[in-house]
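Number of protein chains: 2
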Amino acid sequence: MKIVSAQDFDLRREVDYGSPEQNAAVKQIVQDIKHTGDKALLQYTKQFDGADLTADLLRVTDKELQAAYQEVEPSFVQAITAAAHNIRQFHEKQKRNSWMDLQPDGSLLGQIIRPLKRVGVYVPGGKAAYPSSVLMNVIPAQVAGVPEIVMVTPPSTGGKEGINPYILVTAAEAGVTEMYRVGGAQAIAALAYGTQSIEPVDKICGPGNIYVALAKREVYGVVDIDSIAGPSEIVVLADEHANPAYIAADLLSQAEHDEMASAILVTCSAQLAAAVASEVQQQLETLPRQHIANASIQNHGAIIVTETITEGIDVVNRLAPEHLEIMVEQPMNYVGMIENAGAIFLGNYSSEPVGDYFAGPNHIIPTNGTARFSSPVDVDDFIKKSSMIYYSKEALLANGNTIMELARHEGLEGHARAIAIRLEQEG
Amino acid sequence: MKIVSAQDFDLRREVDYGSPEQNAAVKQIVQDIKHTGDKALLQYTKQFDGADLTADLLRVTDKELQAAYQEVEPSFVQAITAAAHNIRQFHEKQKRNSWMDLQPDGSLLGQIIRPLKRVGVYVPGGKAAYPSSVLMNVIPAQVAGVPEIVMVTPPSTGGKEGINPYILVTAAEAGVTEMYRVGGAQAIAALAYGTQSIEPVDKICGPGNIYVALAKREVYGVVDIDSIAGPSEIVVLADEHANPAYIAADLLSQAEHDEMASAILVTCSAQLAAAVASEVQQQLETLPRQHIANASIQNHGAIIVTETITEGIDVVNRLAPEHLEIMVEQPMNYVGMIENAGAIFLGNYSSEPVGDYFAGPNHIIPTNGTARFSSPVDVDDFIKKSSMIYYSKEALLANGNTIMELARHEGLEGHARAIAIRLEQEG
Numbered sequence: 001m002k003i004v005s006a007q008d009f010d011l012r013r014e015v016d017y018g019s020p021e022q023n024a025a026v027k028q029i030v031q032d033i034k035h036t037g038d039k040a041l042l043q044y045t046k047q048f049d050g051a052d053l054t055a056d057l058l059r060v061t062d063k064e065l066q067a068a069y070q071e072v073e074p075s076f077v078q079a080i081t082a083a084a085h086n087i088r089q090f091h092e093k094q095k096r097n098s099w100m101d102l103q104p105d106g107s108l109l110g111q112i113i114r115p116l117k118r119v120g121v122y123v124p125g126g127k128a129a130y131p132s133s134v135l136m137n138v139i140p141a142q143v144a145g146v147p148e149i150v151m152v153t154p155p156s157t158g159g160k161e162g163i164n165p166y167i168l169v170t171a172a173e174a175g176v177t178e179m180y181r182v183g184g185a186q187a188i189a190a191l192a193y194g195t196q197s198i199e200p201v202d203k204i205c206g207p208g209n210i211y212v213a214l215a216k217r218e219v220y221g222v223v224d225i226d227s228i229a230g231p232s233e234i235v236v237l238a239d240e241h242a243n244p245a246y247i248a249a250d251l252l253s254q255a256e257h258d259e260m261a262s263a264i265l266v267t268c269s270a271q272l273a274a275a276v277a278s279e280v281q282q283q284l285e286t287l288p289r290q291h292i293a294n295a296s297i298q299n300h301g302a303i304i305v306t307e308t309i310t311e312g313i314d315v316v317n318r319l320a321p322e323h324l325e326i327m328v329e330q331p332m333n334y335v336g337m338i339e340n341a342g343a344i345f346l347g348n349y350s351s352e353p354v355g356d357y358f359a360g361p362n363h364i365i366p367t368n369g370t371a372r373f374s375s376p377v378d379v380d381d382f383i384k385k386s387s388m389i390y391y392s393k394e395a396l397l398a399n400g401n402t403i404m405e406l407a408r409h410e411g412l413e414g415h416a417r418a419i420a421i422r423l424e425q426e427g
Numbered sequence: 001m002k003i004v005s006a007q008d009f010d011l012r013r014e015v016d017y018g019s020p021e022q023n024a025a026v027k028q029i030v031q032d033i034k035h036t037g038d039k040a041l042l043q044y045t046k047q048f049d050g051a052d053l054t055a056d057l058l059r060v061t062d063k064e065l066q067a068a069y070q071e072v073e074p075s076f077v078q079a080i081t082a083a084a085h086n087i088r089q090f091h092e093k094q095k096r097n098s099w100m101d102l103q104p105d106g107s108l109l110g111q112i113i114r115p116l117k118r119v120g121v122y123v124p125g126g127k128a129a130y131p132s133s134v135l136m137n138v139i140p141a142q143v144a145g146v147p148e149i150v151m152v153t154p155p156s157t158g159g160k161e162g163i164n165p166y167i168l169v170t171a172a173e174a175g176v177t178e179m180y181r182v183g184g185a186q187a188i189a190a191l192a193y194g195t196q197s198i199e200p201v202d203k204i205c206g207p208g209n210i211y212v213a214l215a216k217r218e219v220y221g222v223v224d225i226d227s228i229a230g231p232s233e234i235v236v237l238a239d240e241h242a243n244p245a246y247i248a249a250d251l252l253s254q255a256e257h258d259e260m261a262s263a264i265l266v267t268c269s270a271q272l273a274a275a276v277a278s279e280v281q282q283q284l285e286t287l288p289r290q291h292i293a294n295a296s297i298q299n300h301g302a303i304i305v306t307e308t309i310t311e312g313i314d315v316v317n318r319l320a321p322e323h324l325e326i327m328v329e330q331p332m333n334y335v336g337m338i339e340n341a342g343a344i345f346l347g348n349y350s351s352e353p354v355g356d357y358f359a360g361p362n363h364i365i366p367t368n369g370t371a372r373f374s375s376p377v378d379v380d381d382f383i384k385k386s387s388m389i390y391y392s393k394e395a396l397l398a399n400g401n402t403i404m405e406l407a408r409h410e411g412l413e414g415h416a417r418a419i420a421i422r423l424e425q426e427g
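Here the protein sequences line up with chains A and B, keeping their order.
Counting from 1, position 186 in the first sequence corresponds to residue 186 in UniProt numbering; the numbering is continuous, with no gaps.
Counting from 1, position 79 in the second sequence corresponds to residue 79 in UniProt numbering; the numbering is continuous, with no gaps.
Keep in mind that the hints were calculated from the coordinates and are not lab data.
Check before you lean on any hint, since a few could be wrong.
Note that identical chains are pooled: a pair holds if it fits in a single copy or bridges any two copies.
Lysine-lysine pairs mimicking DSSO-like chemistry, simulated, CA-CA at most 30 Å apart [said to hold, decoys possible]: (1) K2 x K46; (2) K93 x K393; (3) K95 x K127; (4) K95 x K117.
Work the whole structure out from these sequences, hints included.
Pasting the structure below:
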């Protein structure tokens, strides 16, 4: 791994907005689904996924779901159930109540907090179909109280069947209420506008390829969407007490995701820097996804050596990484100084995969420096708030003149008159 | 006002994404500011606002601020202070604490909640400079704990001075910490990328013209932005007990905003429908902004008569209005049935201007049907969350095998090994 100065390093990469051809193709697909519904949906599913379906075959049946449970190993079901339990427990703590502020003049002001009514979750086909991502998208919606959670995923084997049984089982365990075998931009458009077979949703989330990402941007406003994730990142902040083999393993676990992934060590120990660099080389040799991890380490990996831990913290705050591991002797001492990081893993035993799969916090975390202003997925992403204003007669009589002054100052006489007419008739 | 069927009416309008020329112009401005900073900022300020400034004149001085306080009426300062007090009090109740979940195995899981560090608020020039909007954008950020709140507003009279003193005073009362006399797309780009004179921010909010809106879209991702508001809307849900003169005044207070604004009455009383239609005509006659209000009422206003209140509630939920007034005999009975509405005003004395200016809840509320999935501005819009994971050795030893099974199932051996190496060395 190369050793670079803090100034020379930035996690941020250009966002991929697709080619003009990809954008045009997506716009066309979205329009076709909007105007002809199932007809276009079935046609694109045949064209892109090679599955020649009819409308009545779009929805996954209970029978298929039961068959999927037979197909997967019991140990997988146990592992997914345990992870789902932890994730649910952590997200339960994020739930909030509607509240009211009761004023002495009889007025009531408040915020009403409600779940979204219907949410769509996109799950990619093939190798990118990660059961853990299904849990992380679906459980927060379910905990928020969303009554209808719809999963869409492409028919992956080109036949009429062919949805990964692990995904089906995970979706059922997480709380999905409807599943459809459609994918790509056509699935996103179907969720946004609805078709004869699929009712429209209020929000669409979940990862996908560039066509899925562009389709989500295209329908944003008609429905809400989640943010579009960049390549994954880890920054490890370590002092001389850290274990170089653990750090190397954690850096590689990030690097194996994707050639664009980024794995950075920030340390105040030159000795640790050298030991980690050597460990990374050694561990790379036997890693199955060696080629991916190596490309990531070469192009987007780095070791940054600082004078002090404090200086290292400045680097971390500037990078605003998706994942931060703090492997120093007293990690708790530094948490309060971390201003920008999506998820913070503390100490020797909090390896990132603990959070990726199991501990409970969400693994969908802001990338590309956006932890400066955004947050991991949580229950808040699946609720909406309404303000409530009940003003008493007493309150209106006491404050009406002030309200009218403010309205008239803005040249909005109609606003002032809405108050004036009440003061005249009730005063 | 025309009486229409519920089926024939929809609040939603196409969103204005600007002409290709406007988009190209904004892209150019953003690139110029990104690459040459103050130089481009001063040049565009001269070109578009006619103000020939130097860099040292961009920032509003304390002296100017003091002069502004001398210029405005004491009654205005009192009114703004009273409104700011109420808005602050309501938003204070939205603050949340970081939290931890302490597990019996010694692990700690939590969410760290922090304010954004630096926020930019855009305030339009000229007649669209509403002091109330300054309060509604700035106070939630201030209550969230944002230490640096920067206001930008165009120099409005074409000279070196020329910022509306009411805006300056309101910004100071709300908690703005820096003010710059720049506007348009160039101001948005300066906030996003920073210049020699203006440090970059983490989030940009506040209304503006189409160039401001396009610039915000252009810089989204580099910084966070607020949502882009459509024309304002009110729906009044009323029964036969409601006062037609109050309803008409409230509908007109919305209609006077903008020819594109929408004012709708939904009622189960044909008699009330007729009375409101007649009142609207009568009150329109003496309204200063009669032409605007009349165009709005003609083109985007309607009275929808339903059989029952329940049917009226279905209409409301479908429309998902920005503002909803419930003027029925027992308004509290119906709040629980409202699924989609940005702000809900209850009873005869909760006229919309009460909320626009004074009561406390935010007046920046989702438009265009987006109350189905989004919320009024609040303190949550100015915080970010980080997950915290401290896993104990005991927890890792107990759960390591399950985590490895999930990782290996996804083909991510590097993830499994990050756990395995610890189990080997510590187990």
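Check the structure against each numbered hint from earlier and tell me which ones fail, lowest number first.
1, 3
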